[in-house]
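> Following the hints, position chain B against chain A.
Residues per chain, in single letters:
Number of protein chains: 2
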Amino acid sequence: MVKLDFEKTKGLIPAIAQDAATGEILMLAYINQEAWEKTLETKEAHYWSRSRQELWHKGGTSGNVQIIKDIYVDCDDDTVIYKVEQIGGAACHTGMRTCFYRRVSGDELVTEGEPVFDPEEVYGK
Amino acid sequence: MVKLDFEKTKGLIPAIAQDAATGEILMLAYINQEAWEKTLETKEAHYWSRSRQELWHKGGTSGNVQIIKDIYVDCDDDTVIYKVEQIGGAACHTGMRTCFYRRVSGDELVTEGEPVFDPEEVYGK
Chain A
-2 MVKLDFEKTK GLIPAIAQDA ATGEILMLAY INQEAWEKTL ETKEAHYWSR
48 SRQELWHKGG TSGNVQIIKD IYVDCDDDTV IYKVEQIGGA ACHTGMRTCF
98 YRRVSGDELV TEGEPVFDPE EVYGK
Chain B
-2 MVKLDFEKTK GLIPAIAQDA ATGEILMLAY INQEAWEKTL ETKEAHYWSR
48 SRQELWHKGG TSGNVQIIKD IYVDCDDDTV IYKVEQIGGA ACHTGMRTCF
98 YRRVSGDELV TEGEPVFDPE EVYGK
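Line order of the protein sequences matches chains A and B. Per the numbering used here, the first sequence runs over residues -2 to 122. Per the numbering used here, the second sequence runs over residues -2 to 122.
Just so you know, these hints were derived from the structure itself, not from any lab. Be careful, since some hints might not be right.
Note that the list lumps identical chains together, so a pair holds whenever it fits in one copy or between two copies.
Below, a list of computed lysine to any residue pairs in the SDA-like style, where the Cα atoms sit at most 20 Å apart [as the list claims (entries may be wrong)]: (1) K66 with V101; (2) K66 with D104; (3) K7 with Y27; (4) K5 with H90; (5) K0 with V101; (6) K35 with G110; (7) K35 with S59; (8) K66 with G110; (9) K35 with D104.
Next comes chain A alone, as it looks inside the complex (with noise of 0.2 Å):
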């Protein structure tokens, strides 16, 4: 297994999730040991829930998982890219297709797109 330096930074590396098909840049989350084992082992995105604190696969509850088409390590070993096919077409919580929708415009954020679904629906509420 490629070995990552989750020394560091106290276990947790940061993972960006990046649109194999476009190359938007859908999310960032973090992982650790577990995490990067079971991406590897499912070909599906885990993470670290820091606020649950507990492993997170992303999509788990909805359906809407990210599938792993490649994975790509920086340099010093301490940050991935898992280039993903979005099931569902959004990675966003709030329905957005990245979680990056807002533009900084002046002292502003300008939002960008509309939501590919309504997470009340998915998520239930």
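Chain B only, in chain A's frame:
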């Protein structure tokens, strides 16, 4: 100025540098409030160097700066994307275009691409 959430992670959040023209992810580094302000003010990417513990004007020595074309902020204000024009063509200290030049292939990392410059010439050794 657009406010980011530096509190959650003790003052540092990740900034992803992405080629504005091609969508290629070039590197990931960290920013603090000071680096964020300098980036907005100068329109050139600034980071916080964790190893040197100082403000890092990327390319400030070599001239290979990253000119900011756009900035995107994620849904919880704790990650940003710098869409940049990479002067000199390479973001990585190894001379490679991107820091993510190694692809996971089974238990190995396979290098893709060739260095754009010789780091010894640019940084002097």
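> Quick check: which numbered hints come out false for this structure?
As far as the earlier hints go, only 6 is violated by this structure.
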